[in-house]
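Numbering-wise (the numbering used here), the sequence shown opens with residue 1 and increments by one.
Hints are computed from structural coordinates only; laboratory data are not their basis.
Since the structure is predicted, the reported quantities are computational estimates derived from the model, not experimental observations.
Worth double-checking, as some hints may not be accurate.
Stated by the list, open to error - Between beta-carbon pairs, the in silico distance windows are: (1) Y13 / D67: 15 to 21 Å; (2) R8 / K33: 15 to 21 Å; (3) E57 / S18: 18 to 24 Å; (4) A32 / A58: 31 to 37 Å; (5) P11 / S37: 31 to 37 Å.
As the list claims (entries may be wrong) - Below are the PhoX-like pairs computed for lysine-lysine, each with C-alpha atoms no more than 25 Å apart in a straight line: (6) K54 / K29; (7) K53 / K68; (8) K53 / K29; (9) K54 / K33; (10) K29 / K68.
Using N, Cα and C, we set each Cβ at its ideal position, and we do this for glycine too.
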Amino acid sequence: FSEPVDTRAVPTYLAVISHPMDFGTMREKVKAKVYKSLAQFEADFWLVIGNCKKFNEAGSIYWREADKIE
1 FSEPVDTRAV PTYLAVISHP MDFGTMREKV KAKVYKSLAQ FEADFWLVIG NCKKFNEAGS
61 IYWREADKIE
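Whenever a hint applies, use it, and build me the whole structure from the sequences.
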């Protein structure tokens, strides 16, 4: 969650996830004042969670962690 998925280690990721997002990228966007509204920030937050649950099998450790955050 804290860093972008390494697409060299997980080559199928971009075939499934068209808009990658992670909390580290969100942190950088906050620092750079990219977000102009809370809604934009929230959209990226839910994108992180949604991407994780979409890519990982239900019940896997990654899916469960995303579910807890949700």
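Comparing the hints with the structure gives:
no. : hint                  : result
1   : Y13 / D67: 15 to 21 Å : 19 Å, holds
2   : R8 / K33: 15 to 21 Å  : 31 Å, violated
3   : E57 / S18: 18 to 24 Å : 19 Å, holds
4   : A32 / A58: 31 to 37 Å : 35 Å, holds
5   : P11 / S37: 31 to 37 Å : 35 Å, holds
6   : K54 / K29             : 23 Å, holds
7   : K53 / K68             : 11 Å, holds
8   : K53 / K29             : 23 Å, holds
9   : K54 / K33             : 28 Å, violated
10  : K29 / K68             : 24 Å, holds
Hint violations for this structure: numbers 2 and 9, all remaining hints satisfied.
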